[in-house]
Each structure stands twice: as C-alpha cells, then as structure tokens.
Amino acid sequence: MKRFFIIAALWVPLLCFANSASAETFTCLACHSAMQGKIRTEGNALIDINVDADRYAKSVHGGFDCVTCHKQFQSNPHESARSGDVPKDIAALAGKISRKAKADPVALAACMQCHGDAYAAWQESVHGKNVMNGKQPDGAVCTDCHGSPHYIVTKDKIASHVNRKNIVKTCGECHEREDIAKRYNLGTQIVERYDESFHGKKYILGHPNAPTCISCHGFHDVKKWDDPKSPVAWENRQGTCGKCHQGATRKFVAAITHKPYGKDNPVPYYFEKALILLLLGVFAFIVGHVILEAFSEIRDKVLKKEKEEHHE
Amino acid sequence: MNREIPKEYLRFNVTERIQHVIMFVTFLLLSFTGWALKYPEIEQSKWWISIWGGPKTAGLIHRAAGITMLLDFAWHCAYLAYSLSTGKMKLRLNTTIIPLPKDITDAIKNILYFLGLSKTKPEFGRFSYIHKFDYWAVFWGMGIIGLSGLFLAFPVTSSYIFPAWSVNWIWEVISIMHSDEALLAIVFILFWHFYNEHLRYNKFPMSMTWITGKIPIEDMKHEHPLEYKLEFGDIEKGK
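Read top to bottom, the protein sequences are chains R and B.
Under our numbering, think of the first position of the first sequence as 1, with each following residue one higher.
Under our numbering, think of the first position of the second sequence as 1, with each following residue one higher.
Next up, chain B with everything else stripped away, as it sits in the complex (with noise of 0.2 Å):
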C-alpha cells in the first residue's frame, strides 16, 4: 500500500458547501426582515424593517428568500436520494448522519466529562451528536416554518386545504409556529452552531471547512476519531 495519511481531508464536496451558503444566506435574510414583524410593538422595529426596504420590500425579500430555501432543502434532499442510490454515499455506523443510540451516550458522557465527573470524552465518528442535532434542526424547521411560511404566503390556497371545523384557530396556530419556532431556530443558530462552528477557542472566527471544505486531519483525529480510523486506520497500523 502506497497511500499516504493527507494533511487535510475533504469533509464537504462542493455540492454540499453551495447547499450550505445558500442555506445560511437565505436564513440570515429570512430572520432580518422577519425579526420586525415579531416585535411590531417596539420602537426600532420601524428603524430596522426600513433598512431593508420597509415592510412591503421585506415582506417581498422575506418571501423570496422563504422559497430559495426550501427549494434549496429540496436539492438537498433531491441529492442525498441520489447520492444514496448510485452508492455514492454510503451508510455507515461511523459516518451517518443519521442518529443512533450512540449518540444519546455520548451526549451524557460528554456532559459528564465537562462537568469534571469522567475523565474520558466520548470518540466521535464522522458527525457527532452535537452536528446531528445542528442538521436535524434544519429538518424540523423546514417542516414546521417552512410550510407555515408557505400557508401564510399564500393563505387563500391553503384554505382549500384546511378542514373546516380547523377555521376558527387554525390561522392562530400557524401564525404562532411560525414566528415561535423561528425565533427557536435564531436563537439555536446563535449558540449552537455559532460556538461549535465559530466561537470555540480553536476554530475562532470560524472553521473555515465551509469554504474549502476541508478540514486538517489532527483536527479530524481529535474530533472525529473514529470516522479517522475508518479512513486511515490501515495505513496508521501499517506504519
């Protein structure tokens, strides 16, 4: 064997890395010109929604952007049933996206690792508990922002939709899912993925895997352990 352990290892394609900035481009703009409407009441609201063009141009950018994201998780989703089926990617304990039951023991053994009650952390694969959490995220706000969004943006078609003893409050909760769990999904974003991605002292001002879609593999050794040994495993042991 003449393979040789690379100094960075390509952890996202460019496929992925486009589906993220769009993702995060259009999030960004979606929670600017939607934050005003949340908070009518205050008075900066009118400072801020007329930085984006008053509240029509928002509700316009605030619409555009709601579509460009969900047409985005639609690729996404798109490209995973494609990934999947030509073998392109591949389903493994180590590398899955998806979560296991591992990932609710390494959770309390990293939880007890910081709170100094063990002296191990626990050894992630290729996403751990805290990234599949960050990705699930997006699904559940697809699912409850996105399609209130789209119910609100186009209330006379979903009308059709609903049952008629749901008139009297369904507008009511729609209206409270989607600016509840936007602000859910803000405020995640803030402390979630910002420290893991941005603020954490080695990755500060942010991992830049997101552009190159790289990371340096001891940074992959010391956080993604055993999606390392999967890789390079072989050669480590051949050495």
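Isolated chain R (complex conformation) (with noise of 0.2 Å):
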C-alpha cells in the first residue's frame, strides 16, 4: 500500500509537467542547464556538464528522468557517483564499455533498456567487438553515430546525425581520420572514394535511391569484410548488391574496393592522365586555332577597308 502512494504521488508532478520531464529532471536541470564548462571525472574524462534543457525537452527522450540512464547518481544534490541501485545487467554491460564511456558508462550502458535490440547487434558488430573485447577506446559506441542522448531526434529530421543526408558524413567522422585507417589497416580514402563514385556523386545531389554506407555494410550489426556474416562479405555481395543490380554477378560485384588511384590500381589512373592530356591538346588546338582565325578575319576586314579607302 505504501508503494502504491508513492507511485500516485510521483505522478501528481509528472502530470503537471505532461509530455516533458518529470520535477525530479527539473531540479537536475536547474543547475545542469545553467552550469557551464568541462569538470574531470573519476575515469579521468573530460565532459561537459551542460544540458541544453530547450533542446533536451525537445528530444526523443525528452520526457526521461534524468536517472532513467543516469542510474548512479539517485541522491540529489548528488555527493558521490557511486550511490545508485544499477541493475546487474547494466552494470555489466557498462563494465565492458567502460574503456570507451568514461564519462558514465552506467548511463550510456542504459540505452539497453529501451534498444536491447540494437545493442545486441552491435555487441556482435566490429564497433562493439573493438571496445569491448579489444578494450580499445576507437569503435563507435551509440553516441558516437546518434550523437548525445540529450538531443536525439528522430533519423527523419535533418538535424539527426543519422538522418540520410548526414549518415556519409557521421561515419566519416572516424573513416576518415588517417589514425584510425592506419591503426585498423582500413583504406585512408574510403569516403573520398565513394564521394567520386556513381553512388556517391548521386548521393550528394540528393537522388533518393543513391546508397549510403550503411546501405552495402549495414549499421548496428556492421561487420569487416572479411566476416563471412558481413554483408559485404565475398560470399553476401551478390546479395547485397542485388537489392539494387538484380542479377549481379560475382563479376559485377567485384568493381566496388573503395580502393583510390594509384599505385594500387594503376589502369584507370594513368588513363585519367592520358585522357586529361589528350584534352588539353584538343583544347589547346581548336582553341588557338579559333582565336586565330578570328584575328585573321578581322585583320582582313581592316585590310580591306584601307584598300578600298586608298581606291577612292
């Protein structure tokens, strides 16, 4: 019975905020939305303690308690970090991440309550794997790609990191780092690759059809490609690529690398030089040749003219 009222009793502030956030997330954000700056953490990261409580409210998650995700801090003021009831689960999963979530693992590992799913697959995924069986501190976690949860919107708003017209440029926020394409053996010219490809090129003027990266190598489940469960495995190509090119071949399926020009493919690159030179000599001669004439042919009228003046 006591239950029951404090229940009833959470509900009488939750009802007066309805559709937003609880009293509870009011007091964090009293001070949160004022505060500004960066404070160390325990785990020696830096972070900033502003929350934009506008943009916040605004969000998918909006209506959160704060604690929903930030299970460890209960007690408000909060004195110690520690002082919260974590579920195991979570508790677990935020040990496995904690190399990569320094800031609040217990929080960003909470985004399994509601995306069990997701993060499911990504546990399976390279981004998972290399955080938490390399307990490398590069391999995107959620936040990485969806960006902070204070300001996740829906992926059909603009302003969503991975609404379409931004995926490309979310995933190369690390793909085209050259520390990471070095320290994972990765191509440094993946994204630049596909930006002058057809795909690409038909991407950035908007066609609708135009794959993504996450369209070939998939998102929450990505895999290398040499995982035979990789959509871009050998194995899957023909598939994969299929969704579009039906009846693609192990052929067809073979023309996309991501590799650049150069020493590594060395045909197209010196035909682009041939071509370019056989350009330049084309232009160079109907360019010369029609200013010439043009001179000449204005020479000859002025010429003409004289003759005819000195006649009279």
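For the record, the hints were derived by calculation from the structure and aren't laboratory data.
Treat each hint with caution, since some may be false.
What the hints assert, rightly or not - Derived EDC-like pairs (lysine to aspartate or glutamate); straight-line CA-CA distance at most 20 Å:
| no. | chain 1 | residue 1 | chain 2 | residue 2 |
| --- | --- | --- | --- | --- |
| 1 | R | K301 | B | E218 |
| 2 | B | K121 | B | E218 |
| 3 | B | K119 | R | E308 |
Unchecked claim - Some residues of chain B that are not near chain R, with every Cβ distance over 10 Å (derived):
| no. | residue |
| --- | --- |
| 4 | I18 |
| 5 | F27 |
| 6 | L70 |
| 7 | A78 |
| 8 | P216 |
| 9 | I217 |
The beta carbon of each residue, even a glycine, is placed where N, CA and C say it ideally should be.
These two chains come separately, so use the hints to put the complex back together.
Okay, structure coming up:
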C-alpha cells in the first residue's frame, strides 16, 4: 500500500509537466542547464556538464528522468557517483564499455533498457567487439553515431546525425581519420572514393535511391568485410548488391573496392592522365585555331577597308 | 546547255537535317542533365539538377536522350550505307567527308594564312578540314561516350562481357571515359562548332543551312570553291 502511494505521489508532478520531463529532471536541469564548462570525472575524462534544457525537451528522450539513464546519480544533489542502485545487467555492460565511455558508462549501458535489439546487434559488430573485447578507446558506441542522447531526434529529421543526409558525414567522422585508418588497416580514402563514385555523386546530388555507407555495410551490426556475416563479404555481396542491381554476378560485385587510384590501381590512374593529355591537346588546338582565325578575319576586314579607302 | 546558276544550293537534304536536329537536341539534353553529376560537390549543381526535375528525373532524361542519340547515329550510318549503295551519294575527292592528305596541308596552309605567313587561303571542297573534324568528332564521341554510357546504364549486363582480370579497374576507366570525353565534346562544340557555324561575323547568330538546307551561292563560291567548280564550273566557262 505504501508503494502505491509513492507511485501515485510521483504521478502528480509528472502530470503537471505532461509530455515533458518530471519535476526531478527539472531539479537536475536547474543547475545543469545553467552550468557551463567541463569537469574531470573519476575516469579521468573531460566532460561537458551543460545540458541544453530546451533541446533536451524537444529530443525523443525529452520526457525521461535524468536518472532513467544516469542511474548512479539517484541522490540529488549527487555527492558521490556511486550512490545509485544499478541493475546487474546494465552494470555488467557498463563494465565492458567503460574503456570507451569514461563520462558515465552506466548511462551509456542504460540504452539497452529500451534499445535491446540494437545493443545486442552492436555487441556483435566490429565496433562493439573492438570496444568490449579489444578494450580500445575507438570503435563507435551509440553516442558516436547518434550524438548525445540528450539531443537525439528521430532519424527522419534533418538534425539527426543518422539522417540520410548526414549519415556519410557521420561515418566519415572516424573513417576519414588517418590514424584510425592506419591502426585498423583500413583505406584512407574510403569516403573520398565513395564521393567520387556514381553512388556517392548521386547521393550528394540528393538522388533518393543512391546507396549510403549503411545500405551496403549495415549499421548496428556492421562487420569487417572478412567476417563471413558481413553483407560485403565475398559470399554475401551478390545478395547485397542485388538489392538494387538484380542479377548481380561475382564479376559485377568486384567493382566496388573504395581503393584509391595510383599504385594500387594503376590502369585508371594512367588512363585518366592520358585522357587529360588528349583533352588539353585538343583544347589547345581548337581554342588556338578559333582565336587565330577570328583575329585573321578582323585583320582581313581592316585591310580590305584600308584598300578601299586607298582606291577612293 | 540551258542550265543556270541558282541563287542557292541545296547542301543538306531533309533526312540529313532531321538527323542533325535530333543530334543537337539530344546533345544539349545530355549535356545539361549530365553536367551536375560531373561536379556534384559544387553547391550550384543541386540547383542545376533541380531544374531538370531532380537527380532521378534528370537521370531518366539522360538515358532517354542517350538512347535516342545512339539510334539517330545508327540511322545516319544506315542512311550512309543505303545512299552509297544505291548511288545517291557518290564518293568524290572534292565532296567527300573522308579525311584526305589534302586536309592536313589545308590546315597548315590555313594556319599560315591566319599568322600572315601566307597570302592565299586554301581552297576547300564540300567539306573543309574544319567540317571534317566536326563530323568525325561525333563518331569518336559515339564510340567512347555512347558505348561507355551503355555500359553504365546497364552495369549488370555489361559485367558479363568484361573479362575477369579487368573487374578491378574497368568501371573506373568507363566512368572517366564517359565524363572526361563528355567534357571534351562540350568544349569542342562550344568552341569549334559555335565559332564556325554561329559566331563567325558573316554567319552570326547562325548559319540558316541547318533549317533550309541551302547555302547562298556566293557563300558556296567563297567557302567551298572546289565543290562550286565541280557543280557549276561548266556553266561559268560557258558564259
């Protein structure tokens, strides 16, 4: 019975702020929307302590209490970050991803409460394995792609990091970085080569059917190409490419490599050089010819006039 | 001989004129709808492609225009074969479009004349080296841009044709071929064709031959003296 009253009592402020965060959240935001700057956590991470209350309220998570995710901060104001009661599964996951999420691993692990499927898929992905098994600080977690959970909007909105218009840029945040490319033996010009490809060019111009990174590579469960479960593994490519290119053959699917021109791929490199030479040669000839001819015609007209005047 | 020199001379018959109109309409459509895809990173490209109905519609226009142009080209080739085999078109040194050694010497002479190093202009037949260059450039474009365009439009089917050892680079080569040669074709038309048939002081804003098919006899005398002599030389002599 006591429990019932507590729940009933909790509903009162919740109803007061219908469709918005609870009173408790407002207590947190009273300080955190005003505070500016960064602090160093126990995990030695520098984190932003400001939460933009307006943007938070408009986000998909805007109706949640802070403690829905920040479970360790149950007492308010929080004297210690260890006072909360964290469910075992979240605590276990938080321990596995702590290498990556120095700010609040529990809050990052708490995504699994609602997004269990996505989290499970991610744990099997190359990103997830790198964080959990590889204990590496790089390897994308939820927030790397989706942005801060405080400001996540649905993916159909242009402000979303994973909106179709932003997804290539979002992947590029890491995959355009040379240090990451070197450490994991990835191509350094993956995004650049995509942009130059027909897929990329169509995407940049806004073609609704142009494939983005995730169309071929998957997203939460993204795997390296040598993993047999990867959609771009040689065994699976015909099916993946076949989503758009019906009847894709093994020869056809070999076309896309994201490899740069140059040493690795000399034929197109020198072919382009040769074509540019031909282009410049023809341009020089036709432009020169036209200019010379135009001048000679002007000259002829002037000379003719002078001759006529001379005759008179 | 009662023949008189007419005021105009029929240079291109109606079939040739229609082929030319289809060629330039599809050429313009292809250039306009394909341009944005060559430079997508430029902000104006998005605006430009939106004029053509967005990337998807522009792509459809591009494919339709490309196939129309290739059919026009095939029609022209069939027309040539038919005309030559029935004797309606004759191969003569001073009227042929086929490049001859004379064209090279003509080009050198003409450039020397432009530079003031020669006092006389070379005498041209029905087609000067300038016209021949213009004409055969279309064949080059059809082979390079048309063929690569077909490969790009039907990539899966094309992949059956390509040998296995070429798969790693063939698509890059085809893309480069298509877009670089298209740029060449556009610049070529802008300079070569536009100057020679539109901007020239006695032709501006354009030579009307493409509509009427006719050339004034005085122009023919000056621009195609060898063909003029071939057609009307006997009358001139008789006078």
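Status of each hint after checking the structure:
no.: 1; hint: R:K301 to B:E218; verdict: holds, 18 Å
no.: 2; hint: B:K121 to B:E218; verdict: holds, 17 Å
no.: 3; hint: B:K119 to R:E308; verdict: holds, 18 Å
no.: 4; hint: I18; verdict: holds, 27 Å
no.: 5; hint: F27; verdict: holds, 17 Å
no.: 6; hint: L70; verdict: holds, 20 Å
no.: 7; hint: A78; verdict: holds, 29 Å
no.: 8; hint: P216; verdict: holds, 18 Å
no.: 9; hint: I217; verdict: holds, 21 Å
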